[in-house]
Amino acid sequence: MATTVKTRRTLAKAGVLTGLIIGALFAGLPVLWMLSTSFKGNGEVFQTPPRLITKGFSFDAYLEILGNGAQLRFFLNSYIVALSVTALTLLVAILAGYAFSRFRFPFQKTINAVIVSVQAVPPITLVIPYFGLVVALGLYNTYPGLIVTHMVFTLPYAIIMTTAYLNTLPKELDESVKVDGGSSWTALWRILVPISVPGLVAVGVYTFMISWNEYLFALTLTRTDDMRTVPIGIQLLMGQHSYEWNQMMAMSILGSIPVLVLFLLFQRRFIGGLTSGAVKA
Amino acid sequence: MTSLTAPEKAPPAEPETPQSKRSTVARRLTPFGYLSPTVLLIVVLMVVPIIMVIGYSFRDNVIVQPESEFAGLANYAKVLSDPDFLAGLKNTAIFITVSMVAHLVLGLAFAMMLNTKLLGGVTKALFRIVYILPWLFTIAVIAVIWRLMLDPAGVLNYVLQTLGLIQQGVDWLGDPGTALWVVTFANVWSGYPFFMISLLAGLQGIPGDLYEAADVDGASPIQKFRHVTLPQLRPVIISMAVLDLIWTSQQFALIWMMTGGGPLNATEVLSTFTYKQAFSEYEFATASAAAVVVLLLTMILAFFYVRQQRER
Amino acid sequence: MAVRVSGGMRLIGAVTAAALVAFVGACGSDDSGDTASSGGPVELEFAQWWGAELPSGSFDKIIADFTTANPNIKVKLLSAPYASTKQQLVTGAASKTLPDVVGLDGAWVNDFAKQGAIADLSKLMEDAKYDPSELASQVQYKDKTYMIPVVNFVYPLFVNQDLSTKAGVSKVPSTRTEFADAAKKISASGGNVKGWALPLDTAVPNGIQNDVMSWLWASGGSMLKDGKPNLQSPEVKSVVEYVKSLNDAGVVAPGALTMKEQDKVEKFTTGQVGMMIDSLAHINLIKKNAPDLKFTVAALPAEDSYTGKRGLPYASWGIGVSNSTEHKAESFKLVQYLMSKEVNAQLSTIANGFPGNKTAQPDLSKSDPLFKTAFDIYQQGTPANEFTGLPKSEDLMRSFDEQLQLVLTNKSSVDDALAKAQESWSSVIE
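Chains as they are written, first to last, in the numbering used here: chain A, 3 to 283; chain B, -3 to 308; chain C, -11 to 418.
Since the hints were made in silico from the structure, they are not lab data.
Given the structure is predicted, the values throughout are model-derived calculations rather than measurements.
A few of these clues could be false.
Listed below are the simulated DMTMM-like cross-link pairs for lysine to aspartate or glutamate, each with C-alpha atoms no more than 25 Å apart in a straight line [what the hints assert, rightly or not]: (1) C/102 to C/330; (2) C/213 to B/277; (3) C/62 to A/227; (4) C/172 to B/78; (5) C/74 to A/227; (6) C/84 to B/277; (7) A/8 to B/205; (8) C/399 to B/171; (9) C/49 to A/228; (10) C/130 to B/78; (11) C/408 to B/78.
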């Protein structure tokens, strides 16, 4: 009997591993191609037959990006904006999610529906009036302008997710705090938030990504190179006559490395250990 | 076979104690207090421009000429009878449905594989990194690299031909028959990490004792999945599905940069239609009308979502 | 049980407000476009995509020389991704935040002028007592100039000589029959090579202008009659039928329906395509990416019996002035500077284009000999681009493109397609 269990386990393990490898190929091959392109000479990108590593293999593209002050400024701007957006959005979304999850109040459904559907307007039609508004508010070509814009885009998602995560936590947790004389505020920050960290980290990481990769409004709301972000920097390499393929890919790769590192730092939160037995009736 | 459900969540039990009127009022206002920053931001920065867009949709010659005239519902009539709009509606429906289902299935499959107890932490961590890669790149680069790979003389055809799976290079993007599927595939690739990470976090939140109880009852893995995992993940799944539908319906840059809505309108979706109306035909009024139509369709979706939230 | 609610609420409010205030205060706005009061130095903003296409730093130097000559005027160069330029200009125009001087494409002029976004240059020329006789061309709307082409890029026929010789094509094709013949021979020479690249991407439908209508203009034809669309003429029909015949013969590179101009160039450069109609500005690009590629340029093939002057399609880097700028006079000074004989010649030389100033002589001595060939073609022929100055030209190109695609995929007859295109165009060009 023991051997059957063991073989079953090994088979299962092999099965999962195979699945993971196939999935990894699906996920990773385009990125591998990006990497390969970043090392090619511009004339080799369209060569047939396509090769992973070409004769003109070089780090030139990377050196050009890293040596270009304007491009480096783009990276800095992207970080400042994305980090601010993540922090502020999480804060605001936790508060709002708490309201939706733990309270009943008039207009609740309407406000909830408005928040959800507000992100449904095609951004391209929103650009012109939104731009006019930002100019009128004096936020044109500023960090705060970009930050609040990205917040407004990420809040609906963040609120939906925080509400959902908070909803999975039983109300008994709040009650235990209230019974001890705490307020809703205390219940939120002392008990609920620490438990929902995996969910919050997921929301935070995705908020960062959205802000980091956003293009249309980052372009429209900025005017000068000292305010622009990485996606704009990449598109600047798509010229009228040709693309600087290797530099575009190099910039994308460079842009993704720190984000990857961020993810690596926070992904430990995803590893289990937080839940078994955490919630006792 | 006992069916496994989550422990019943106790109804809210606000302690009823004699309070002064002031505290009751304050208590009623508490949720609004929590909501205030959100409401402030969204009202000022979203609702105002949206109202302006709605305003545009009722006028003619908006933006492109200094004076605009009131036009009633004319723009809506024009938009809803435009064959390109209707084609866009159909393609959008296919695009978002297939994308959403694929995102969900892939996301869940990957999340469960990454959550397995059968493999070590390091292995799982390595795979996790690979799986979130599509997330890290801006959509313009994703569009451009997929175009490069899908070129008739590109690497995908090369690999398929070398493996003997196809005889001649397929014109993936230029053939009206395959264009929409290919673009959807690229969209699935770029979007599944969102589902995967959210579901992974959700999986972490499922109490282990539920699975133990299931084991005690002799449940098979499939039964555990159906009766523990799925119900526990339900709120997260539904939220993400709604979000994904909304986001995918707005996906513009990926399609625009891969095919521009062509060939022969095969990949024309509502977002490309709206863009062309606004910045190529300079018809901001009809573009706004199209936007309002999309908004209305989404609000229906939003109401369903909110309703099911209540029924928890 | 005391529920300490109000304290919590106040705290939330305070924190949020503080955060917002701190941000607005700390991250101050970078001032854009200081508008100085009269007498003080003026800073002009010039939005263009040209700097990126020129040798590194060369455009900055030209602008710096302007400031040296005009110490009271500083110029700040703004750039945006080329693909988003038009959309950004439209947005900026709507909020009256357009930069003082703007780089324009001739195809946008009609719509921007109608929007009131760009200034009447005829008036500015009068005010500055500028003599426009040196200008090779001006793009007008309702008889007033709104854009001046600074550098013109012609689109001759590029021929890969290695592939042609290998395929047994002895001379550069000069008529449509010769072209079709050459294309067939090249496509038959093996190795997945095709004779011609036809970019019909609908997102940026310039292919209609450069690669399709150019055949019409090369034979002296016109798509308009008395300013109105005339797409059902025998000349236009013969062009569409010709393109269809090439497609049916299998000489067109695959992927045509979604191919972009940049892809076309790449395919030529990597030897996958034998011939293409392309901008002269790419010569240096091709030489850089494929130094061993032997190619030449030629006039576009005309109809077999045609002996008149051949139209040569072109695109320009045009310049205009924002209508909402407070520094119209200074802005026009910059325009004058860029159009002046020496500067214009210098700019054309480094851009590998032809000057917008008739009297300017580009320095061809240091350039590739192909430029001299192209310059001769330019002078023997006549520049032709009927889309310049038309309203909604991108839309016109796109609707024609869609009909052409139906023809190429056998979903519509040539006559039906042209009738539909004529209908679409008539509703736009009133």
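Task: Indices of hints not satisfied (ascending) - done: 1, 4 and 10
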